[in-house]
Amino acid sequence: MAGGDVAIEARSLRKSYGDVHALRGVDLDVPSGTVFGLLGPNGAGKTTAVRILTTLIEPDDGSARVAGFDVVGEPAQLRERIGLAGQYAAVDENLSGFENLELVGRLYHLGRQPSRARARELLHDFGLEDAAERLVRTYSGGMRRRLDLAAALVARPPILFLDEPTTGLDLRSRIALWEAIEALVGQGTTVLLTTQYLDEADRLADRIAVIDHGMVIAEGSPEELKGQVGGERLEIRLADGGSRDLAIGALRPISEDEPACENGLLRVPLLTMRGAIADAVRRLDEAGVGIDDIAVRRPTLDDVFLKLTGHAAEPEAEEEPEEAARR
Amino acid sequence: MKSLAYAASDTTVLAKRSLLRIRRQPDLLVGFTIQPVMFVLLFVYVFGGAIETPGLDYVDFLMPGIIVQSMVFGGFVTALGLAEDLKKGLIDRFRSLPMWGPAVLTGRILADVGTNVIQLVVMLTVGILVGFRFATGIPEIVAGVALLLLIGYAFSWVFAFIGLTASSPEASNAYGFTILFPVTFVSSAFVPPETMPDWLRPVAEHNPFTTMVDAERALFLGTPAGNDVWGAVAWCFAIIAVFGALSVWRYRRAVTR
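Protein sequence lines correspond, in order, to chains A and B.
Numbering-wise, numbering that gives the first Met the number 0 puts 124 at position 125 of the first sequence, and it's gapless, one number per residue.
Numbering-wise, numbering that gives the first Met the number 0 puts 103 at position 104 of the second sequence, and it's gapless, one number per residue.
Keep in mind that a hint or two might mislead.
Examples of chain A residues lying across from chain B (beta carbon under 8 Å, computed) [what the hints assert, rightly or not]: (1) Thr53; (2) Leu55; (3) Ile56; (4) Leu102.
Hints in this document: simulated from the structure, not taken from any laboratory.
Yeah, the Cβ is synthetic: ideal placement off N, Cα and C, and Gly gets one too.
Could you build the full structure based on these sequences and the hints that come with them?
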């Protein structure tokens with residue numbers, strides 16, 4: 000098996016917990032040096048896939064190789080080439096940031112001095128120098144995630160697994176973490192990222208697999224997937240008596256496609272986001288159409304799911320057959 | 000050879016981590032120093048007067064029992080720590096590293112041996128202050144101390160298994176105490192089993208904890224040993240074998256819940 004070009008490959012991975020089928024035959028191919036996004040709602044099987052690929056659990060069926068090593072047969076060699084960071088921010092709260100990274104270095108058998116030097120370097124890279132000697136229990140959520148990501152990078156692994164790296168973070172912390180991940184990718188690290196957020200996958204991933212109920216239901220570049228769902232759109236609620244036809248006529252020039260109107264809600268697929276609201280308001284004003292509300296909507300995971308599966312991303316929604324029937 | 004070196008270094012690195020934690024959260028020390036000392040004072044001064052121990056002062060009768068009990072519970076830090084590591088996702092991280100896996104357990108248990116030594120010093124000092132006196136020579140006392148540490152080590156493996164099995168740190172604490180507390184009390188540790196009701200006495204007499212306490216009494220006070228010393232050693236090795244295997248088995252399957 001030439002490990003050079005394919006960093007991660009999985010064939011027909013299956014895993015069940017009793018009656019719960021977490022994975023029902025998943026195939027993945029991640030070329031070296033790329034970012035692969037595994038996008039799906041809670042309970043879709045993303046974490047199970049990561050746990051199999053990082054040797055934490057064994058698949059019931061199927062096979063997978065990471066860096067050319069079999070997840071079941073060669074876990075020790077595999078573990079030397081991966082880093083794992085996840086939604087749990089797996090750092091020890093009763094140690095300082097520095098001690099956490101030193102500990103991980105020692106457990107990678109880097110030796111005492113190299114472990115310390117590497118810890119200093121990572122604390123610097125992640126903007127945690129000032130907090131280096133503070134106990135992690137005093138860290139904010141964003142700082143913990145950055146430290147967790149730093150811990151995954153201690154041994155400079157060529158392949159990195161990030162399980163929902165920004166779930167539960169505020170926007171500023173998310174952006175800081177995205178920038179850190181982008182910097183890594185710039186250095187050639189292969190990344191497998193799981194996320195519930197389309198914008199995150201869109202920003203970071205070269206390719207995305209959409210996973211639902213333990214199966215990959217779509218795969219492609221972010222552009223391809225968004226092409227299926229549509230891009231940003233304006234949603235405009237017309238004032239009482241506002242003319243639909245006049246509004247559609249006025250907005251046609253900024254619309255990628257024919258604007259659609261349903262129950263007084265006008266949907267305009269945008270050619271460009273920049274200045275769209277101001278432009279639309281001006282055009283509607285000139286046409287003499289009154290509006291109650293106007294907003295830009297970006298496609299969300301829900302839109303992808305509605306499009307691909309006919310059900311919403313929330314696991315509860317699958318219990319509603321009329322939801323599927325209506326689409 | 001290399002893997003043996005890794006096993007040793009991973010164990011020490013993680014033992015150091017556990018000990019650092021105790022330094023950072025000194026309130027944990029309350030559990031294994033102040034609490035046993037309270038028990039000593041309670042039994043010597045409150046209950047002691049009401050308990051007949053033919054041939055021995057109550058304080059002499061009590062100290063070996065209460066020290067064995069404190070050794071047994073010294074491992075609760077391991078259960079708590081492992082349950083927390085599981086909850087916080089650290090076990091996932093450790094298991095994804097190219098380290099010697101069981102070090103996550105042996106590191107904690109090595110740290111327990113350290114805290115058990117501290118505990119032993121505190122207990123013996125308090126015991127001597129309230130009137131406990133050794134009645135044997137140095138070799139027996141040294142053997143008694145060694146056996147105490149072996150008992151602590153064995154029960155750390157029991158706590159390791161509890162920590163990896165319980166659903167939360169709180170549950171691991173509850174399991175540890177509700178299972179082990181009755182076991183330590185229905186024994187010869189605090190009262191002579193002869194004073195117990197007929198149906199309970201055989202339970203106390205066959206309790207491995209009784210064997211361990213009687214072994215310590217023999218080593219510290221020179222009471223007739225019978226097979227107790229070797230019996231206690233055998234029990235310790237049996238506990239280590241069974242719970243060591245169970246704990247490593249749990250660890251290899253443990254993932255954050």
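Hint check: is the beta carbon of Thr53(A) less than 8 Å from a beta carbon of chain B?
5 Å, holds
Regarding the hint that Leu55(A) lies at the interface with chain B, is the smallest CB-CB distance below 8 Å?
5 Å, holds
Interface hint status, Leu102(A) versus chain B (Cβ within 8 Å)
6 Å, holds
Closer than 8 Å between Cβ atoms is the bar; does Ile56(A) clear it against chain B? Give me holds or violated.
6 Å, holds
Consistency note: the structure conflicts with none of the earlier hints.
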